[in-house]
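A.B. asks: If you read the protein sequences in the order shown, they are chains A and B. Everything in the first sequence is counted per numbering that gives the first Met the number 0, starting at 0 for the first residue and increasing by one. Everything in the second sequence is counted per numbering that gives the first Met the number 0, starting at 0 for the first residue and increasing by one.
It should be emphasised that the hints constitute simulated quantities derived from the structure, not laboratory data. Check each hint, because a few of them may be wrong.
[To be verified] For lysine-lysine, the following BS3-like pairs were computed, each having C-alpha atoms within a straight-line distance of at most 25 Å:
{"id": "1", "chain 1": "B", "residue 1": "LYS32", "chain 2": "A", "residue 2": "LYS181"}
{"id": "2", "chain 1": "A", "residue 1": "LYS197", "chain 2": "B", "residue 2": "LYS299"}
{"id": "3", "chain 1": "A", "residue 1": "LYS299", "chain 2": "B", "residue 2": "LYS299"}
{"id": "4", "chain 1": "B", "residue 1": "LYS282", "chain 2": "A", "residue 2": "LYS299"}
[Unchecked claim] Here chain A is said to cover these stretches of chain B; the calculated rule only asks that three of the stretch's residues, wherever they fall, bring their Cβ under 8 Å from a Cβ of chain A:
{"id": "5", "stretch": "177-189"}
{"id": "6", "stretch": "268-277"}
Model, not experiment: these values are computed from the prediction. C-beta: ideal position from N, C-alpha, C; glycine also.
Number of protein chains: 2
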Amino acid sequence: MANKWNSDPRDALRAGEDFELAAFDRAATPGWKKGKKKARAFMASRGELLSELQERLYAHGRTGGARGVLLVIQGLDTAGKGGIVRHVAGMMDPQGLSIHAFRAPTEEERAHHYLWRIEKALPRPGYVGVFDRSHYEDVLVVRVDQLADVDWNDRYAEINEFERRIVDSGITILKVALMVSKEEQGLRLMERLDRPDKHWKFSDSDVPTRAKWDAYQEAYQDMLRATSTEIAPWYVIPADNKWYSQLAVTELLARTLADLGLGWPDVTWSIPEQRRALEATMKPATVATAHARTDATLAKVAESEAEFDQLVRSLFRF
Amino acid sequence: MANKWNSDPRDALRAGEDFELAAFDRAATPGWKKGKKKARAFMASRGELLSELQERLYAHGRTGGARGVLLVIQGLDTAGKGGIVRHVAGMMDPQGLSIHAFRAPTEEERAHHYLWRIEKALPRPGYVGVFDRSHYEDVLVVRVDQLADVDWNDRYAEINEFERRIVDSGITILKVALMVSKEEQGLRLMERLDRPDKHWKFSDSDVPTRAKWDAYQEAYQDMLRATSTEIAPWYVIPADNKWYSQLAVTELLARTLADLGLGWPDVTWSIPEQRRALEATMKPATVATAHARTDATLAKVAESEAEFDQLVRSLFRF
Chain A
0 MANKWNSDPR DALRAGEDFE LAAFDRAATP GWKKGKKKAR AFMASRGELL
50 SELQERLYAH GRTGGARGVL LVIQGLDTAG KGGIVRHVAG MMDPQGLSIH
100 AFRAPTEEER AHHYLWRIEK ALPRPGYVGV FDRSHYEDVL VVRVDQLADV
150 DWNDRYAEIN EFERRIVDSG ITILKVALMV SKEEQGLRLM ERLDRPDKHW
200 KFSDSDVPTR AKWDAYQEAY QDMLRATSTE IAPWYVIPAD NKWYSQLAVT
250 ELLARTLADL GLGWPDVTWS IPEQRRALEA TMKPATVATA HARTDATLAK
300 VAESEAEFDQ LVRSLFRF
Chain B
0 MANKWNSDPR DALRAGEDFE LAAFDRAATP GWKKGKKKAR AFMASRGELL
50 SELQERLYAH GRTGGARGVL LVIQGLDTAG KGGIVRHVAG MMDPQGLSIH
100 AFRAPTEEER AHHYLWRIEK ALPRPGYVGV FDRSHYEDVL VVRVDQLADV
150 DWNDRYAEIN EFERRIVDSG ITILKVALMV SKEEQGLRLM ERLDRPDKHW
200 KFSDSDVPTR AKWDAYQEAY QDMLRATSTE IAPWYVIPAD NKWYSQLAVT
250 ELLARTLADL GLGWPDVTWS IPEQRRALEA TMKPATVATA HARTDATLAK
300 VAESEAEFDQ LVRSLFRF
């Protein structure tokens, strides 16, 4: 499987210091020229790679490793946060996922510092954590609705410092902001009103929140500039096409996992010794069967490892 | 998609009071005569159904419902517990999953009653909880290794009482015991020793644990008889064929979710009122687009609901 991206989406999507949200095209597909159908097929193949990369991370975590990954998803209502969890995270083994949706804080959470509930939800080593909304709500809804009287620059600095500590602990942070246009949000909300199977996704606070569109754009703009750091940059994803936003986050996540460069962990016990002990508990005929299988299996494993290495290399080639 | 099972696997797999583990064929495929290849295809189609059923449960939970489901997976090393999580639970939306793997208790956990950590991990309303090992380790490894000095019948009764409380709270419990044969376990452990990509799954306590095979079988036999209750029966799954055990658990889970009989939740707000409010925030051209889409969408929804109903009915027809 060759790389079908025509340029590295990380370069195209990364928010810099002078990021201009107002000029951002939310229907664009940066780095991808092949359309929706090819995107779906490519995403499925990337899913297999994602799943293999995740298994190495999980194996690493189970054998004492400290590395982890945290995917932070932000976006307004209907931007497609749930779709990222379902269709991107959903391609990985749920055993190695740790998913948290942050809604309006509970009374207990409100009694603590706003980072308290975030800290508690950080992924353990070996896990891919997914935050559906996050501490960034504390500079978005909290700012727009004036729920706190703070200097926002202080809060951005506090968040940057918090993320530095997370990264220092071994967790790589991947932050994606899904940006939907106002008209597309209207269409998606209308669909939720029209379809009985989507009613549960609608809330009577959605239209009032939409009325604060401009204030949210301003809060996003400031947040993206102030908290897109070297160690935890923001990737801003055009989200009017769900197939593109899911494809882009899949690619960013695969690259993030590949960058960890994890192989299979070393063993801490003696293979020949364990093999002898195990053989002593098996019938001789079963031992013979096991050894007959080994060669065929190892050839298959070598083949799949070579395929994996090729896929990983393709992530970085254009 | 017609039902491809030739009899209800619930009848074939349910452990009764006189269940005889010694007579249980671990390579059998009760209720399924069509082999592995058809099983894989059928399982994928059931996966779509599972995912739709789960979405209804999740919607129910998000709108104040109390129902939940808990899948308890037990089995010795290599029985395929992880494969059930990956390949069965992995077909659902990870947003609606709550997965816990119970390993040897931590110091904090040991300081509490053995059900303390279990209670904390119970799924919230709307979720499908998955326990990879569970409180049943407290009548399995704890009994075999004599880690507690208790009357096992008292503990079975305590567990039955605990599960009654869980069921009374609205959570349906589905318990599956994956039963692998001793020779197949030997083959699978040998594979973990032979394959570098499986080493991390092997532990130097695996062979010593395998040496206690007979004691574990006895503990399983007693547990299955004593805790297969009317409200939370055990299903004993032959696990020498992974394709069968995954297929069987998929089917049991789909039926468990279908038995909840959940439709889409009712709305608590006025649809016309919300529609008017939303339209006021949209450009007239976008409103026209939205309304033009509605008819086509509703026809598609009705079609997919009809297909869903048919699939659900097929679960109960032989």
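A.B. asks: Work down the list of hints and note, for each, if the structure agrees.
C.D. replies: Verification of the hints:
For the hint linking LYS32/B to LYS181/A, the alpha-carbon distance of about 54 Å lies beyond 25 Å, and the restraint is violated. Between the alpha carbons of LYS197/A and LYS299/B the distance comes to roughly 13 Å, so the proposed pair stays at or under 25 Å and holds. Taking the CA atoms of LYS299/A and LYS299/B, the gap is about 43 Å. The hint is violated against a cut of 25 Å. For the suggested pair LYS282/B and LYS299/A, the alpha carbons sit about 58 Å apart, so the restraint of at most 25 Å is broken.
Under a criterion of three residues with beta carbons nearer than 8 Å to beta carbons of chain A, the stated coverage of the stretch 177-189 of chain B is upheld, 5 such residues being counted. Interface restraint, the stretch 268-277 of chain B with chain A: holds (6 residues with C-beta to C-beta distance below 8 Å; minimum three).
Comparing the model with each earlier hint shows violations of hints 1, 3, 4; every other hint is respected.
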